[in-house]
Structures are given as structure tokens and as C-alpha cells.
Amino acid sequence: MGGHPQTRVPWDSTLKSWISGANVTWINDTRNLRREKGTTLIVGHKMDDVPENANEHCPGTRSEQAGKSSSCQGCPNQKLCASGATKAPDPAIKEIGEKLSTVKHKILVLSGKGGVGKSTFSAHLAHALASDITNEVALLDIDICGPSIPRMMGLEGEQVHQSNSGWSPVYVDDNLAVMSIGFLLGSPDDAVIWRGPKKNGMIKQFLRDVDWGDLDYLIVDTPPGTSDEHLSIVQYLSSTHVDGAVIITTPQEVSLQDVRKEIRFCQKVKLPIIGVVENMSGFVCPKCKNTSQIFPPTSGGAEKMCSDLNLPLLGKVPLDPRIARSCDEGRSFLNQIPDSPAAEVYQRIVQGVKDYCSKHTTDEENTG
Amino acid sequence: MEQNHDGSLAHVRHIVLVLSGKGGVGKSTITSELALALRHAGKKVGILDVDLCGPSIPRMLSVGRPDVHQCDSGWVPVYADAEKSLALMSIGFLLEDPDEAVVWRGPKKTAMIGQFVSDVAWGELDVLLVDTPPGTSDEHLAILENFKKHKQVDGAVLVTTPQAISTGDVRREVTFCKKTGVRILGIIENMSGFVCPHCSECSNIFSKGGGEELAKLTGSVFLGSVPLDPKLSNCIEGGEDFLKSFPNSATFTAISRITHTLLSSLQAA
Chain A
1 MGGHPQTRVP
11 WDSTLKSWIS
21 GANVTWINDT
31 RNLRREKGTT
41 LIVGHKMDDV
51 PENANEHCPG
61 TRSEQAGKSS
71 SCQGCPNQKL
81 CASGATKAPD
91 PAIKEIGEKL
101 STVKHKILVL
111 SGKGGVGKST
121 FSAHLAHALA
131 SDITNEVALL
141 DIDICGPSIP
151 RMMGLEGEQV
161 HQSNSGWSPV
171 YVDDNLAVMS
181 IGFLLGSPDD
191 AVIWRGPKKN
201 GMIKQFLRDV
211 DWGDLDYLIV
221 DTPPGTSDEH
231 LSIVQYLSST
241 HVDGAVIITT
251 PQEVSLQDVR
261 KEIRFCQKVK
271 LPIIGVVENM
281 SGFVCPKCKN
291 TSQIFPPTSG
301 GAEKMCSDLN
311 LPLLGKVPLD
321 PRIARSCDEG
331 RSFLNQIPDS
341 PAAEVYQRIV
351 QGVKDYCSKH
361 TTDEENTG
Chain B
1 MEQNHDGSLA
11 HVRHIVLVLS
21 GKGGVGKSTI
31 TSELALALRH
41 AGKKVGILDV
51 DLCGPSIPRM
61 LSVGRPDVHQ
71 CDSGWVPVYA
81 DAEKSLALMS
91 IGFLLEDPDE
101 AVVWRGPKKT
111 AMIGQFVSDV
121 AWGELDVLLV
131 DTPPGTSDEH
141 LAILENFKKH
151 KQVDGAVLVT
161 TPQAISTGDV
171 RREVTFCKKT
181 GVRILGIIEN
191 MSGFVCPHCS
201 ECSNIFSKGG
211 GEELAKLTGS
221 VFLGSVPLDP
231 KLSNCIEGGE
241 DFLKSFPNSA
251 TFTAISRITH
261 TLLSSLQAA
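Protein chains in written order, with the numbering used here: chain A, 1 to 368; chain B, 1 to 269.
Extracted from the complex, chain A is given alone in its bound form (with noise of 0.2 Å):
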């Protein structure tokens, strides 16, 4: 090897076996193997599935591979795999699309990073497009690990229950539904412990087995991160028409480097995205008025971001303590603080997002 050091590659078991798999593609398109410096080799297959009880190298259900491969044998789903059966489409998604006919408009609220207001912006989205009582308005929250919905709507301590149609969801407002894993946990403390498979279980229930009924709005609020959740609400609304996400960051570079995937990971799947919402976007101290940016926007905030990446910025919303506050006590500080500047800017980005669905559904009638 020259006068380089010895280099082990580093092939663990696991990798190869994908490897040696047809239905391999690689995480970027131009990534290249650079054996001579070792870097290591990251596969990923689109949208696999790998059961609970399959094999430790199973090549996915849906993979060229799937029951033929070596690591199949003794799998108790090989036989399954092997048939073809699993490379069909999951009959649910059939199932949730007729279900979700009668839903007119489907949001999706989504951040590649953590606590920058993403169940914030969908509780107040929903009570901003409930105030108007002629729609009909639901709010899912698919962050099974950490469901704040139930908190900030009011709802802490309430019940799902279960009729001949379904689910029932738990209502705020005779126009206002919510539906969270919040309301299946028998005690604040109780920690939902699940890897990916029964996550997505969850998920698909909340979409098939909800009685939602006829809806003009249904806004879907995500955990942090580009995984399992969002890939199975991507996968389960794939034969419905899903209006597009709106994004939300916080200014600083830290966020924006994971929102910058999160967009990646909504071309890849063809969402469309409706705009980014910037929260957090400086604080103005209630006594001297003079403005902080705690949160600073050192590579230019969602403003350069948009206007990078050519998206609407639906609009910056400023730190204000009391939306803090509203949340915690389970109210909309819209209704709370409806003068603050932070409340009269949300009106804005919800008109913004009113008129994209609106726009949507005109185009829809025009074309269809």
C-alpha cells in the first residue's frame, strides 16, 4: 500500500449483507467508495421494511433480496418474502385514503430539529383555523416519545374512546379534534418505549381507525428528525393528497443545518413545502425595549435560507415569555395575547397558509 498506514476495511456483517443485496442505493448519489482512506461505506435502502421478528440481516421485505437471500433462511416471514406478497403496497394505505377522502386540506408541520415550536405552531394553527366555526378542524400528534399536544391544547388527562366508527378523538371545540398518543398513556411518567416498527403500527391506527369525519383542515404535528415517523405519515398519506409542510426553525446555523435535510427529505419524497416559519426570531426585553437576538442568526436565518433555497418565508416570529406560559396552561396566547406582536404575526403566517390551501384547492377545481 505504498507509504500508507495498513487500513482495515471495515466491513461489518450487517453492512455487507445489505451490500450484497440488489436493492442497494446509496444515501447520496455521489458518494464513492474511498477504500485507500477507509472512509466507511453508509447504504441505505428507500423506505424498507424489516419486521420485528426477521432475521439480523434481513434485507427488507421489499427488497429484490427479500426470502431469497442467505440471511433469510429459518426467518419465520421467508416464505412470506419469497411469494412476493410483501413487496405489495401496505393494504392500509388503500384503506387510509378513503378514509382521509372527506378531509379537504392535510398539513404536515415539520423540523429537522427539535424544540423550535413545531406542536407551538400546529396547537395554534389549529385554533387559528377553528376560530372561523364553519371548519371542521383536527390536529394529529404523530411524536409518540414525546407528544406535547395534549398539554398545550388543554387536554392533559383526557380519554380516547371507542365507538362502532373508530376512535373517537377528544374535542376542544365542538369544531376542534385532537388525537395523540398523550391519550392512551395511563400517567405523565409513563415513557413510550417503542423502536421504529410499532411506532409506524401507531401511526397507521391513528390515520385508518380514527373517526375523524368530514374535515376541512387536518394538521399533522411530527417529532424532531427524518426517520421513522415521518417516512410512515409520508408512506400512509400516499394515495391522499397532502396540501404540503410547513417547516419551522429556530435563526441559528445549528438549526438550519438539520432544516436544510429536513427540505431534502421532503423533495425526496415529493412533498410540497407551503414556506418556513422562523421562531424565536429575537427578543425584545419588557422593560428597557431593547431587542436580543438570543438565538442569533450568524448565516443569515431562515431569510437567506428561503431566498437560497427559493421558499416562502411565511413569516418571524419573535421570543415573547408568555407564549411559554399559554402553552404550559393548556390556551392559546392568540386568544391570551391576540395584541402582542408574536400573536399578530402567527395571524399572518395562518392567512398565508389559509391562502396556499385555498390557492390548492381552485387550482384542483380547475384542473380536475
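There may be inaccurate statements among the hints.
Sample of chain B residues with no beta-carbon within 12 Å of chain A, all distances over it, derived [as the list claims (entries may be wrong)]:
1) V12
2) S56
3) Y79
4) G123
5) E124
6) D126
7) K148
8) D154
9) G155
10) A268
Lysine-lysine pairs mimicking DSBU-like chemistry, simulated, CA-CA at most 30 Å apart [claimed, not checked]:
11) A:K198 - B:K208
12) A:K289 - B:K151
13) B:K231 - A:K287
14) B:K244 - B:K208
Not everything, but these chain A residues come out facing chain B in the computed CB check (under 8 Å) [what the hints assert, rightly or not]:
15) K113
16) V192
17) P197
18) P224
19) G275
20) D355
21) C357
Treat the hints as calculated values from the structure; they're not laboratory data.
Since the structure is predicted, the reported quantities are computational estimates derived from the model, not experimental observations.
For every residue, glycine included, the Cβ atom is placed at its ideal position computed from N, Cα and C.
Chain B: place on chain A using the hints.
The following block gives chain B in isolation, referenced to the frame of chain A:
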């Protein structure tokens, strides 16, 4: 080149997880600051960043995106300093395009973390800090399962902000620790009040007192509070060592105190 015949963790004295049920409370920031503080105290520190979807550590410690190399004992960590007293490993180093999303389901994340735990040649470390994503899912289970094969984790510090929305999730993380037998070394309250640099008025932007209440409620040690400090945010953004630049700040005092308590706790056990 590090020689490590007994496994990559054989010469790591203490392993501390940095957890939170809640996202955006400052896990990565606190991990970075604890690491820097420990290093200033003369310790050899490592950070394992297992947030595969949102790896923040490389930027916070200003190491850019160097290649990851191999040696006989495994993957060589990236060093944040010439003295090799701060070693890092993150998926951030393994991605060519920093904007590319790691869109993996659980099993793949689990396998990657398995590799991170067993294949990094950490060499001799006083403390290995493990920065985690929010939640109680695949990554967290993978971390525990894989460390169990090599070396017992000393425990976890849990980070929260003062508000109920945050402590509400962190309570669940406490349950996770109790269920999985992870010792809770203590709770840190971050973003604990903002002192206006112009008039010194303190504003409780993310409410007040939740961290201490949570510690009391769950019978855990309260390690301390770190205030909201734009100087810290700026340093984190630029990958600058805050503790070196602002040793006279209240934030410095808070972080140092927390680090000292943590270190005593690790050494006593």
C-alpha cells in the same frame, strides 16, 4: 496510533449519556460545554454523537468535515485539538453533503450505532460523553444494548428547560432510565432565564423552576441551571470555546459548577 487490544472502550474510565425526552433543550450544547470544561480540568474527553438525523457536535466544536480514518484498532476519532484531549465521532463526519438527510428507519440506525459503540478506537479517555437525539426509541435502546456488551454506562444526565412542556417529556426519559437501569447522575436546567445585556432585567422566557421541580418529583439530583446567554449561542454557532472566551460570565460559573459536581459523582461511584 492508538493501540487498543482489549476493545475500543477498555481504556475509557467513565461513560455518561446526555439525554432528554425533549428536543431543542440544549443536549448538544451542554455536551459540548461539559466536554470543554472537563478538558480545561485536565481530563481526556470523548464525545460520541448518536443523533443520526441531526448531528450538531461537529459544528459546535468547529471540526468541519474531515475524513474518518481507520487503524488496526478501528475507526480513529476526529480530534478537536492538537493535544488530542477531545475526541469526537459523529455521523456528521461520514456524510459527503452536509445537507443530505439521513432518512433511515430504526434497524439501520441501530446498526450504525452498534458500529459507533464497538468500532471507534477511543484509546485512553477519562470521560466519554454520549450526545443523543430526543426521545426514547431505537437510538437510545441501541446505545444501551451495545454498551452493555463492552462496558457499563456510569449513568445519564438529563437536560430540560424550565417549562412544563419540556419537563413533561423529560419525566418520561426519567422513566426510561429507571426501566433500563441507567443511573440518573442528575438533571440540568438549561435556558434558565435571560438577563438583558442592556438593563440587566431578568426575563423567564421559557418559564421558571421546572428543572428543580422535576428533580424533586423524581428523586434525582439537581445539578444546576444554565442561563440563556446569547454569548454562548454565538460561540456554539461559530464552534468557539465559550469557557475560554468568557471565563467571568455567570454562564461559565454555572457550567463549571455542574461539571465539578458531575466529576465528583463519577469519581465517588
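How the hints compare with the structure:
1. V12: V12 of chain B clear of chain A: closest Cβ-Cβ about 20 Å, beyond 12 Å.
2. S56: violated, 6 Å
3. Y79: Correct as stated: the minimum Cβ-Cβ distance to chain A is 17 Å, above 12 Å.
4. G123: G123 of chain B clear of chain A: closest Cβ-Cβ about 16 Å, beyond 12 Å.
5. E124: holds, 20 Å
6. D126: holds, 27 Å
7. K148: holds, 16 Å
8. D154: holds, 21 Å
9. G155: holds, 17 Å
10. A268: holds, 28 Å
11. A:K198 - B:K208: Outside the cut-off at roughly 35 Å; violated.
12. A:K289 - B:K151: violated, 53 Å
13. B:K231 - A:K287: holds, 21 Å
14. B:K244 - B:K208: holds, 28 Å
15. K113: holds, 6 Å
16. V192: holds, 6 Å
17. P197: Holds: closest Cβ of chain B sits about 7 Å from P197 of chain A, inside 8 Å.
18. P224: Because about 5 Å separates P224 of chain A from the closest Cβ in chain B, which is inside the 8 Å limit, the hint holds.
19. G275: Hint on G275 of chain A: violated, closest Cβ of chain B at ~19 Å, above 8 Å.
20. D355: violated, 28 Å
21. C357: violated, 26 Å
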